[in-house]
Structures are given as structure tokens and as C-alpha cells.
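Q: Based on these hints, arrange chain B on the given structure of chain A.
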Amino acid sequence: MRKAFVPLLGAAGFIFLTAPIIIARAPFESTMGLVQKIFYFHMPPAMLMLLSAIFCGLVSGAYLVTRRPVLDWTASAAAELTVLYGSIALVTGPLWARKAWGVWWQWDARLTMSLLMWMIFVAYLLLRRYGGNGSETLAAGLALFGMATSPFVYLSVNLWRTVHPLTSVVPTLPVDFAFPLWYAFTGFLLMYLALMTLRVTLERQRAALDQLFLESDE
Amino acid sequence: MTAFWRVVWIVVRKDLAIEARSRELLNTTVFFALSCVIIFAVSFVREKPLGDAAAGILWVAIAFAGTLALGRTFERERYGDTLRALLLAPSDRPAIYVGKLIGILSLLAATEIVLVPLVALLFQAGLFSHPLLMGALLIFGTIGFASVGTLFAAMLARARSRDVLLPILLYPVTIPVMIAGVKGTSALLDATPQLQMAGMWILLLVCFDVVFLTLSLWTFDPLMTE
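Chains as they are written, first to last, in the numbering used here: chain A, 1 to 218; chain B, 1 to 226.
Incorrect hints may have been included.
[Said to hold, decoys possible] Reference excerpt, derived from the structure (chain A facing chain B, CB under 10 Å, subset only):
| id | residue |
| --- | --- |
| 1 | L64 |
| 2 | Y124 |
| 3 | G132 |
| 4 | Q205 |
| 5 | A208 |
| 6 | L209 |
| 7 | L212 |
| 8 | L214 |
[Said to hold, decoys possible] Derived Cβ-Cβ restraints for the label pairs, each shown as a range:
| id | chain 1 | residue 1 | chain 2 | residue 2 | range |
| --- | --- | --- | --- | --- | --- |
| 9 | B | T192 | A | V170 | 35 to 41 Å |
| 10 | B | I39 | A | S216 | 55 to 61 Å |
| 11 | B | A191 | A | L202 | 56 to 62 Å |
[Unchecked claim] Derived, one-sided and incomplete: chain A residues facing chain B with beta-carbon distance under 10 Å:
| id | residue |
| --- | --- |
| 12 | M119 |
| 13 | A140 |
| 14 | T149 |
Hints listed in this document are in silico derivations from the structure and should not be mistaken for laboratory results. As the structure is a prediction and not an experimental result, all values here were calculated from the model. Positions of the beta carbon are idealized from the N, C-alpha and C atoms, including for glycine.
Okay, chain A solo, but in the shape it has when bound:
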């Protein structure tokens, strides 16, 4: 797992270096113009936040059943990355909304549910940090509830009438827009995997260190 970190980071770095060129060469959207280019940095982290929350919930569920430490490390790394990617989406979203809708924030279903999901995973990190002994089990329970909100985030735009673009926009994008989008998505995904391997390796070494400390004590 550790060996994968450098190639992943290299590939992600290459994509992030070249993505601005590709995004700059992409055509302008007819009504929104230049602002629409925020899309390439808004939708991939937002989507990865949702996937990461689901992943964290599934891994946490598996941890509750099997109690294997590696699952707990993975879940905590996924929760941190959910918060990180959620923060990116929550910063880029208002920047775009200010130009497209005229307001920074709108209390519609999609925005509210995304904010709530981000808050649940911030609460997860607070619980792990301040919960004391056994908080990893409790955090796993919370992650399951975080995952339970994810279908509502995805469906909220299609169920409620909102100002946020529908999820059906993405598959119907013309290729000139779709290529930079999926290029940026790949970059964010590779960065996600790189950070994930780094974080799990760190936890593994921390556990090994604790073990050695206990052994030297005896």
C-alpha cells in the first residue's frame, strides 16, 4: 500500500499541473461564461465527498462486525478526506453561486444536505479526538448515519425543485466540457487515493509504535 503513494502522488500532480491548460482551452459556456469553469473544480470534489462518505460508512459497518484495526484506520482517513473534499466543494460552490445565482448561499435541498453531511463528518472527527477510550467504535456508528444521509443528498436535487443543476446534466455534457471535467475528476480521485494510502500507513506505524512501547515497558 505504501509503495503506491509516490506514483499516485506523481500522477495526481501531473494532472493538477496540466488541468489548468485543458480547462483554459475548454469552450466558454454560453450564458455563464468564464465563471462556469469553476465547475471543473466544484463537481469532482463534491462527488468524491459523497462517494467518500458512503465508503466511510461501509468500512465502518465492516469494522463494527469484524473489529479489524485496518478498517478503522481506513474509515478515519475516509472521514478526514470527506471533510477536506467537502470543504473544497463548499468553498467553490458559493464562488460560483455568487455569479450564477446572484447570492452566495441558498437554503435549498442540495446545499443544505451537503452542508449537513460535511457537518456529520466534522462531528465524527471531533468525536474521535475528544471522545476518549472506545471512541473509534462510536465514530463508526456515526459514520453509518452519515452514510444514511447520502442518498438524500444525491436525490434531493431531483426530488425537490431547486436552483442547483440536476444530476442528469453530467452524462449529457458535450465532449468539450466532459473531457476537462473527467480529467479533473481523475486528478482529484488520484489525490484522494494518495492521501488515503499515506494516512493508513501513518496509522499503521502509529499502532506499531504503540505496540513496541508496550513491549519495552514489560
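A: Same frame as chain A, now just chain B:
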């Protein structure tokens, strides 16, 4: 199944018996809810109440009072060192959860019986014009809030800094329930009540209840294991 419900009944009866002797939770929770409503009344009522503020105030008061009651119920178990005894009992863990949940629900129902007329009075809100729909909103909303709340309060009973962690964990998860409750109530309070809209929110509340109850019943056992 009968053994399951027997344990539920024993847990409920135990909690109600303790409560009937001291009335600690009921008195403090009802008075706290009253204080909340008074604070809102002072902040939001000028010459006449603001629009449909009553809907939001009712649900915020329920959420705040509920959090207080949840914390206290398990604090009492911890203080008497009876939580471990309860978990060691040779019975289904989910039965203990259901028993605790019913105890909290009856406490919140008692609070709401005082709270709803008070909000209707202070904010001149027609909360009683559609008693059935309003009742359904309150019942399903309270179940949604209390089902997650009972699980979180139980699992936090042994955690460090549990007083502050309970609202931090509980509110983000239950805000969807609050939104549905508030939107449904304000649909009923509208000048032309939108009954169909209120029905849709009740349906959504039922969905949340099913999801939250299923998850809580499934996770209570692994979460309470030391």
C-alpha cells in the same frame, strides 16, 4: 418475540417507576422547554408574532428539551452504575434500546402536551386547526429525533466530554427530521393550509423513522460492547 417485549416492558416500567418517584426529568425538561419558548417569544414577538415563526420555535424547543432529557436519562444510569448491569442482563440488547426509547418518547410526549398549547397561545398560531396532521407530524418527528438520540446518548454514556458531544453528534444527523417537521408545520399554519404538502413531509418523516430505527436497532449491540 414475547421475551423481547417482556424485556422492553421491564425496562420501560423501571424507568417510569424511577421517574414517578422523583419526577426529576419531567419537571426539568418541561420547565426548560418553557424557558426556551419564553426566550423565543421575547426575541420574535414585536406587535404581533412574525409570520410562521411558531413552527420553527416549536421544533427547536422540542429538540433542545429532548437533548437535555436524553443526556439526563443516561447520566442517571451512569451515576447509579446501573448501565453495565442493564447491559449484562441476559436479554436482547435491542430490547433494552426499545425500552429506553419508549421511556424517552413518553417523556417527550408529556413535554409536548404542555409545549404545543403554549406555543399556539403565545404566537397566536393555529396549531389545532388540523389536529390529525399536526399529531402525525409530532409523533413521527419525535420518533425520528428520539430514535437517533437514544442510541447516541447510550453510546456516549461512557465517553469523555459526553455533555458537549451529544448535541454535536445529534443535531447534524437529526436536522433533516427538524426540517421536515418545521416545513410540515408551517404548511399547516399557512393562510391557505397546504394539506398535501404537509402529507408529503409526514411521508418523508416516516422514511427517516424507518431508516433511523433500523440503523439504531442494528448498531446498538456492537456500539454498546466494551
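Q: Now tell me if each hint is right for this structure.
A: Hint check:
no. : hint                        : in the structure
1   : L64                         : holds, 4 Å
2   : Y124                        : holds, 8 Å
3   : G132                        : holds, 3 Å
4   : Q205                        : violated, 25 Å
5   : A208                        : violated, 24 Å
6   : L209                        : violated, 23 Å
7   : L212                        : violated, 26 Å
8   : L214                        : violated, 20 Å
9   : B/T192 / A/V170: 35 to 41 Å : holds, 39 Å
10  : B/I39 / A/S216: 55 to 61 Å  : holds, 57 Å
11  : B/A191 / A/L202: 56 to 62 Å : holds, 59 Å
12  : M119                        : holds, 4 Å
13  : A140                        : holds, 8 Å
14  : T149                        : holds, 7 Å
The structure fails hints 4, 5, 6, 7, 8 (numbered hints given earlier, in ascending order).
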